[in-house]
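Asker: Residue numbers (our numbering), protein chains in the order written: chain A, 1 to 247; chain B, 1 to 947.
In case anyone wonders, no lab produced these hints; they're calculated from the structure.
Here the structure is a predicted model, which is why all the values come from computation and not from measurement.
Where is the CB? At the ideal position from N, CA and C, for every residue including glycine.
Careful: at least some of the hints might be erroneous.
What follows is a list of derived Cβ distance ranges for each label pair [claimed, not checked]:
#1 A:I117 <-> B:P938: 25 to 31 Å
#2 B:P936 <-> A:A72: 47 to 53 Å
#3 B:K3 <-> A:H62: 23 to 29 Å
Non-contacting residues of chain B with respect to chain A, defined by C-beta distances greater than 10 Å in every case (computed) [unchecked claim]:
#4 S499
#5 R544
#6 P623
#7 T666
#8 R894
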Amino acid sequence: MTELPTQTDRKLGLVIDLDTCVGCHACVIACKGWNTENYGAPLADADAYGAQPVGSFLNRVHSYEIQPPDNAPAQLIHFPKSCLHCEDAPCVTVCPTGASYKRVEDGIVLVNESDCIGCGLCAWACPYGAREMDPSEKVMKKCTLCVDRIYNENLPEEDREPACVRTCPAGARHFGDFADPDSNVSTLVAERGGIELMPEQGTKPVNRYLPPRPKDVEIDVLGPLLTPVAQEPRGFLGWLDKALERL
Amino acid sequence: MIKQPVLNTSPKVSDEIRRTTCYMCACRCGINVHMKTGADGKQQVAYIEGNRDHPVNKGVLCAKGSAGIMQVTAPSRLRAPMKRVGPRGSGKFEEISWDEALDIATQWLAPIRAENPEKLAFFTGRDQSQSFTSYWAQGFGTPNYAAHGGFCSVNMAAAGIYTMGGAFWEFGQPDWDHTKLFILFGVAEDHDSNPIKIGLGKLKERGAKVIGVNPIRTGYNAVADEWVGITPGTDGLFILSLIHELLRAGKVDLNYLTRYTNAPVLVNSDPKSPDYGLFLRDEEGRELVVDRATGKPVPNDTKGIQPDLHGTYRHAGVTHKPVFHLIAERYLDPQYSPDAVAGRTGITANRIRRIAAEIARVAFEEEITLNRPWTDFRGQKHATMTGRPVSFHAMRGISAHSNGFQTCRALHVLQILIGSVEVPGGFRFKPPYPKPATAHPKPHCKVQPGQPLDGPHLGFVHGPQDLALKEDGSPARIDKAFTWENPMSAHGMMHMVISNAHAGDPYKIDTLFMYMANMAWNSSMNTKHVMDMLTDKDESGDYRIPRIIYSDAYSSEMVAYADLILPDTTYLERHDCISLLDRPICEADGAADAIRWPVIEPDRNVRGFQSVLCELGARLNLPGFVNEDGSQKYADYADYITNHQRRPGVGPLSGWRMTDKGLSNTGRGEPNEGQIDSYIANGGFWIKHVPEAASYYKPWNSDYQDWAVETGLFDKPTPYLFQLYVEPMRRFQLAAEGHGLRQPPDHLREQIKATLDPLPIWYPPFLDGHADPAEYPVQALTQRPMAMYHSWGSQNAWLRQIHGANPLYVPTKIWQANGFVEGDWARVSSPNGEITVPVVHMAALNENTVWTWNAIGKRKGAWALDRDAPEATRGFLLNHLIDELLPARGDGMRWSNSDPVTGQAAWFDLRVKIEKVKAPAEAQPVIAPQNSPVPPAPHDVKRKVTT
C-alpha cells in the first residue's frame, strides 16, 4: 500500500477537446516516439511484424459510435485516453512496492520502474484502463505527462509541453495547471463545460474532456429559406437586368 | 512524509537536430530529426517531431510523420540491386553490384533509344521529383511518361486548372483565418493531412460552421457540425441543385462575375453554325462582350465598360448569348430543383434548400472587408479587399468517379458564382498558382530515334489539334492519354499502362520502367489480372511485357514482378527537392520550396533513384545529362538540384541563388554551390512571403502578378479570367458533331457530345449503366486512414498496431437485412469478381454504402511481414472487384472504367452485392505467397539509442 499526498502544489493535466479531435492518432505516435527514447525502458513492441503485434502505448484513441435519440444521424466520437492523473489514484494506493506514486509538486502519477515488480495490480485498480504492461521489460507503463519535457531546460520554452500536445494537428489537446483557476485549462473547462471521466468512481481525475458541441441541429425554423427573384428563367433575366443597373 | 525518487527532469534531448522534409505521405511537412550518438559512434535517429517554422505543418506532425523512425529501420528495406533468377512473380532474385545493374539497364535501354524510344514506358508512381523524372524521360525521347495522377485525383486538378487556374491542396486552400462556413466533400485523409487539421482546429476555435458531405462519417466528417451522408457519385447533382437555388434567389456575385470571369463573353448560339458554342472574337482574337452603355460588342478587357450578362446579340446573322445567360438557362431548369434531385442524392429537398440558404446568408450577409488597398490588372485601384467567407475543400472522394471531372467543375463554378475564390474568407491560391490552363504546356509526343521528345509529355489540350495522336490517328502514348477516349488526361493514365502494354495496344513496348508504384497490388484495378499480365508469355514463350525495371525502397508486392531492381533509399537517407517546378509546398501567403538531405547514411547498398537516373542518363548519353565531352553532367541528384537551370536564372530551388549582388532570395539567380547548405541552415526550406497588397485577387492583382514575375513563377504578368464556360471542351464536342479535320472514331462521338459539355453537367456513374443496379444495389468505397499512408504504411511496426486490419463496414439497413452478427463474414461480388471478408456494423454511414480502409491488405511474403500477419490473412483489397474496363453490355464494345474527359480511374463507381457466408479460414481470394527478397523481420522491436 502506497500513500498519496494529501494535496499537491499544482495539478498538472490535460484538457482534451472531443469536439475537435478528428481521431488521427498523431498524439498516440508522438507519445510512443518520445517515451520510447526517454523516460524508463523503451515502449517495446512484441511480434512487431507478426500475427499479433502487442506494443505498449501510453495513450490510445478509441472511437465510439453514438446513436442520438429521435433518429438523428449516428455520430462517431474519437476519444483519446491516457492516465488522468487522479487525485485519489487507486493505482498508487494499490501498489505493493511504492513504485507507483503521485508527485507532491505537480500531481503527476508516475511509476518508478526500478521498484516495479510487474505485478499488474495497478492496471487492475485503474478504472480507465490507462496503464499497460511493457511486453518486453514487464514493467508498468503509463503517461508521465512528459515529466522529462515540461521542465526540460534543454528544450526551448515553447516545447516544454507533453509530446501529444505539441504534435496535435487540430489543437485538440491542452496542457496546464488545474489548481490555477485562471490557467488556460481551467478557463477552457469553465467556458466549454469540461467534464470529469466517470466521476462516480471517486478517483477525482485531473484531466478533463470538452464535450462535442451539438451536431446536425435540425432546421432553424426561423432561419429563412431563399426567396426566388422569379419563378421562370425569363423573370430571372428581368431581375438580372435590374441588378446590373445597380452595379 | 512521502518519499519520492529523485528524477532528472532535464535529460539531454539529443546531440543534434537535423531539419529535413517528411515523406511518410505526400504532405511534405517539415521535421526536426533528433540525432543521438549510438553505441557504434554514429549518429542515429532518436526522435522525430514537427518543425515549428515550417510553412506546411507549423510544428505539428501526424502519426505517420512521428512513426518515421520505424520506416527508416523497417526490415522491408531493400538492400542491394537485384536481378531476377526465378520466374517473374516468384520473388527469386540474386543481389548484384550497382555496376552490373546499370550495365544491364544500359544494355536494355540504349538500343531502344537508338531505334524507337517509344518502346520505353517510364512511369513513376508517388514520385515527388516529377519535374526531374519527366526531364529525364523527355531526354530519352519516349512519349510514355507520367506519374500517378491519372489513378489519383486528376479530375480535381484538371477541372480546377481549366476553370480557374488551380484546384485544392497543392493549388490552394480555404482562407482558414477568415472563413465562416466550410463545406468539405469526400477527401483522402492521409494527405494534406496536417494543414487541413490545423485549419479545422482554427474553425473549431472560432466556432465557424463545418459541413461534411460524405457517405461515411469518420475523421473530419465526425467533427463536422453537420453531416450530409450523400449517395456516392451524386455530388455533382447536389452542387448543381445548390447553384439552381442560389441563381433562383439571385444570390450570385454579379460584380465579381462581370469583372473576373468569362460570364459576359458572347457565345455563338446558332446550332447550325460551324462555330456553335465557341466565343465571339474580334480580329485580334480577343473575346467580345456587350457593353451595356453602348450595346456594342467590345473586347472583354476594355477599360471602363459595363459588360452585359444576358440578352442576345446578332453578329453576321448569328445569335450570340453571354455565358451567364446560358448558365441561367441551364441551371434554372427544374431538373436541378431540390425536389428533382432529392431521391437520387439521398438528401432531402428541404435540406438542400437550407444549405443553399446558409451559403447565401454567409456569403452575402457576412461579408468580410480588409483594409488593404490593391490595384487590378485593368489599372483600377480598390481601397479594400472584400470577401465572401464561404469555402470548400474536396479531393478524391468526388473526383474518382466517371463523372468526376464535371463534378469538380461544378464545385469550382459554385465557388465562382458566389464570388468566393481568391477573396478574404474564401478559397486562396498558393503560388505558383493561380496559373491558367493556357499558361501550362501542351502535351508533346513526337518521337525520333536517338532524339529527345519535342517537349514536355503532359499538359493541357485546348482542342482536337492538341491530342497526342500519330499521323494515322492512332494513340501516340501507350496509356492512350490525350486521345478521343479521354482528351483532357492532363496527368496521363498510369493505370492503363500494364494492360495496354500486355495487349500490345496501341503498340508493343520493350521495357516497362517504374518507380514507387505498387502496380501489382493496391495501385491497380483488377489486381489479380494485372499480376497475370505481368507474367504472361506469348506463343514463343517470351514475356508479353519483355522487360521490367523497378525502383522502390521497400519490398512491395511489385518487386517480385521486375527483372531488375534498383533499390532506393529511405527518405532520411537522400537528397530531394520539393520544387516550385514540380508539386510545391507553398502557402497562400508565400512561395516556398524545400529539400531533403541525408540525415543518416544508408547501411545498405542502395542509392537514391534520382542519383541513379543521373548516372543512367549519362550512360545513355541523354541531352541534359552529359557534358559536351560526353562525361556525366550531374554527379548525383544533389548536383542536379544545385546546378540545373530550367530557364536562365530559374532552377529546382528558388532560395539562395547567386546574383551579381551576392546571394539573392528573390527566387531568381545563378546556381550557388552552397545552396543546399543554406537550406539546411534554414531548417530545410525557403519561403518568400506574398506582399499584403498582393494577398488576394491574385489572378487579377497587379501587385501579385509583378511579384510572381520577380519570383520567377512567370516571365511576364499573366492575368486571366475564370472560365465558367470551358471553350476547349466545346471544341471536342464540335469535332464529335462532325466539324473540323481531326475527327473522333464514330463509336466515341456520342460519348464526347454527352460528356464534354463546356458547362458543368451531371450524369450517372458509368457503371450504373453496365452493372444492373438491382443486382448490385450497394455502393462500395475505400477510405485512407489518417494514421497510415495507403502505399507503404503496413510495414511500420507502430502504425500497423493502429490499422492492422480492414473489415468491411456495413450500414444498419444491410446489416439487419443479412442478419449479420459480430464476427460474421460476407461474400461481396461485383460483375468483375468476388471477395469474402470480415464485416463490422457502422451506423454513421449512407444506408446503401459499404466501405473499408484502402491498402491495408498485403500479400504474403511482401513488406517483410510474417505470412500470418493479419494484413495478409484478414486484410483485403476491393481492387479485385474493379476492372479497368466496364462489364460488356452487348454493344460489342468494352468501355473504359474511367472519366471520359480525363481518363481518371473511376474507383468509387463500384457497385456490389453482399451476402452472409460461413467464415473462411482467410479472406478470399487467397493469393499465393511471394518469396521475400529481404530477410525475415525481427520478432520484437525495442529501440532506444544508447550511447
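Asker: Each hint: holds or not?
Answerer: Going through the hints against the structure:
The supplied range of 25 to 31 Å is met by A:I117 and B:P938, whose beta-carbon atoms lie about 27 Å from each other. Take B:P936 and A:A72: their Cβ atoms lie about 51 Å apart, and the range 47 to 53 Å holds. Range check, B:K3 to A:H62: Cβ separation about 36 Å, and the 23 to 29 Å hint is violated. Distance to chain A confirms B:S499 as a non-interface residue, since its nearest Cβ pair spans about 33 Å, more than 10 Å.
Here B:R544 stays apart from chain A, with its beta-carbon at least about 35 Å from theirs, past the 10 Å limit. The claim that B:P623 lies off the interface holds: its Cβ sits roughly 44 Å from the closest Cβ of chain A, which is beyond the 10 Å cut-off. Listed as outside the interface, B:T666 is consistent with that label: its C-beta sits roughly 31 Å from the nearest C-beta of chain A, beyond the 10 Å cut-off. The claim that B:R894 lies off the interface holds: its Cβ sits roughly 40 Å from the closest Cβ of chain A, which is beyond the 10 Å cut-off.
In summary, the one numbered hint that this structure violates is 3.
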